[in-house]
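*Asks:* Sequence:
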Amino acid sequence: MNNQLKGSDLTRAMLKNGDHNIWCAVDDESDERAITDHKNNDFTARIVSFVDGKFICTSGAPWTYAVPIKIVAITQEDAGL
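In numbering that gives the first Met the number 0, the protein residues as written are 0 to 80.
Just to be clear, a hint being listed does not mean it is correct.
Computed list of lysine to aspartate or glutamate pairs in DMTMM-like fashion (alpha-carbon distance at most 25 angstroms, straight line) [to be verified]:
(1) Lys15 <-> Glu28
(2) Lys15 <-> Glu31
(3) Lys69 <-> Glu28
(4) Lys15 <-> Glu76
(5) Lys53 <-> Asp36
(6) Lys5 <-> Asp36
(7) Lys15 <-> Asp51
(8) Lys5 <-> Glu28
(9) Lys53 <-> Glu76
(10) Lys53 <-> Asp27
(11) Lys53 <-> Glu28
(12) Lys15 <-> Asp77
(13) Lys15 <-> Asp27
(14) Lys53 <-> Asp77
(15) Lys5 <-> Asp18
(16) Lys69 <-> Glu31
(17) Lys53 <-> Asp8
(18) Lys53 <-> Asp18
(19) Lys5 <-> Asp51
(20) Lys69 <-> Asp8
(21) Lys53 <-> Glu31
(22) Lys5 <-> Asp27
Taking CB as the label site, the calculated pair distances span [said to hold, decoys possible]:
(23) Glu76 <-> Trp22: 37 to 45 angstroms
(24) Asn2 <-> Thr74: 34 to 42 angstroms
(25) Ser58 <-> Asp36: 18 to 26 angstroms
(26) Thr74 <-> Lys15: 31 to 39 angstroms
(27) Lys15 <-> Asp77: 30 to 38 angstroms
(28) Ala72 <-> Gly52: 29 to 37 angstroms
(29) Asn20 <-> Asp51: 29 to 37 angstroms
FYI, nobody ran anything at the bench for these hints, they're computed from the structure. Predicted model, so just to flag it, every value in this text is computed and none were measured. Every residue, glycine too, gets a C-beta built ideally from N, C-alpha and C.
Let the hints inform the model, and build the full structure from the sequences given.
*Replies:* Shown next as structure tokens:
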């Protein structure tokens, strides 16, 4: 049995642990759509709290699903230049 937290469950646990600026892929339908359907959603938001069953981002917008992600700058080599 795998009890490892992931997706929105991980974000909720991070918020409970005191993290309050978590970059996430967000969506209102599912965790999977949050990380795969970048054309039809805002893709990323910085989540600061979880209130009444919704993740709240820095703009105050509520989201149903929020999957923690890492955002890193690419290098010139990454870009192939």
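*Asks:* Now, for every hint given, state plainly whether the structure supports it.
*Replies:* Right, here's what the structure says about each hint:
no.: 1; hint: Lys15 <-> Glu28; verdict: holds, 23 angstroms
no.: 2; hint: Lys15 <-> Glu31; verdict: holds, 22 angstroms
no.: 3; hint: Lys69 <-> Glu28; verdict: holds, 21 angstroms
no.: 4; hint: Lys15 <-> Glu76; verdict: violated, 38 angstroms
no.: 5; hint: Lys53 <-> Asp36; verdict: holds, 20 angstroms
no.: 6; hint: Lys5 <-> Asp36; verdict: holds, 18 angstroms
no.: 7; hint: Lys15 <-> Asp51; verdict: holds, 14 angstroms
no.: 8; hint: Lys5 <-> Glu28; verdict: holds, 16 angstroms
no.: 9; hint: Lys53 <-> Glu76; verdict: violated, 39 angstroms
no.: 10; hint: Lys53 <-> Asp27; verdict: holds, 9 angstroms
no.: 11; hint: Lys53 <-> Glu28; verdict: holds, 12 angstroms
no.: 12; hint: Lys15 <-> Asp77; verdict: violated, 35 angstroms
no.: 13; hint: Lys15 <-> Asp27; verdict: holds, 21 angstroms
no.: 14; hint: Lys53 <-> Asp77; verdict: violated, 36 angstroms
no.: 15; hint: Lys5 <-> Asp18; verdict: holds, 15 angstroms
no.: 16; hint: Lys69 <-> Glu31; verdict: holds, 16 angstroms
no.: 17; hint: Lys53 <-> Asp8; verdict: holds, 12 angstroms
no.: 18; hint: Lys53 <-> Asp18; verdict: holds, 16 angstroms
no.: 19; hint: Lys5 <-> Asp51; verdict: holds, 20 angstroms
no.: 20; hint: Lys69 <-> Asp8; verdict: holds, 16 angstroms
no.: 21; hint: Lys53 <-> Glu31; verdict: holds, 17 angstroms
no.: 22; hint: Lys5 <-> Asp27; verdict: holds, 17 angstroms
no.: 23; hint: Glu76 <-> Trp22: 37 to 45 angstroms; verdict: violated, 23 angstroms
no.: 24; hint: Asn2 <-> Thr74: 34 to 42 angstroms; verdict: holds, 36 angstroms
no.: 25; hint: Ser58 <-> Asp36: 18 to 26 angstroms; verdict: holds, 20 angstroms
no.: 26; hint: Thr74 <-> Lys15: 31 to 39 angstroms; verdict: holds, 35 angstroms
no.: 27; hint: Lys15 <-> Asp77: 30 to 38 angstroms; verdict: holds, 34 angstroms
no.: 28; hint: Ala72 <-> Gly52: 29 to 37 angstroms; verdict: holds, 34 angstroms
no.: 29; hint: Asn20 <-> Asp51: 29 to 37 angstroms; verdict: violated, 20 angstroms
The structure shown violates the earlier hints numbered 4, 9, 12, 14, 23 and 29.
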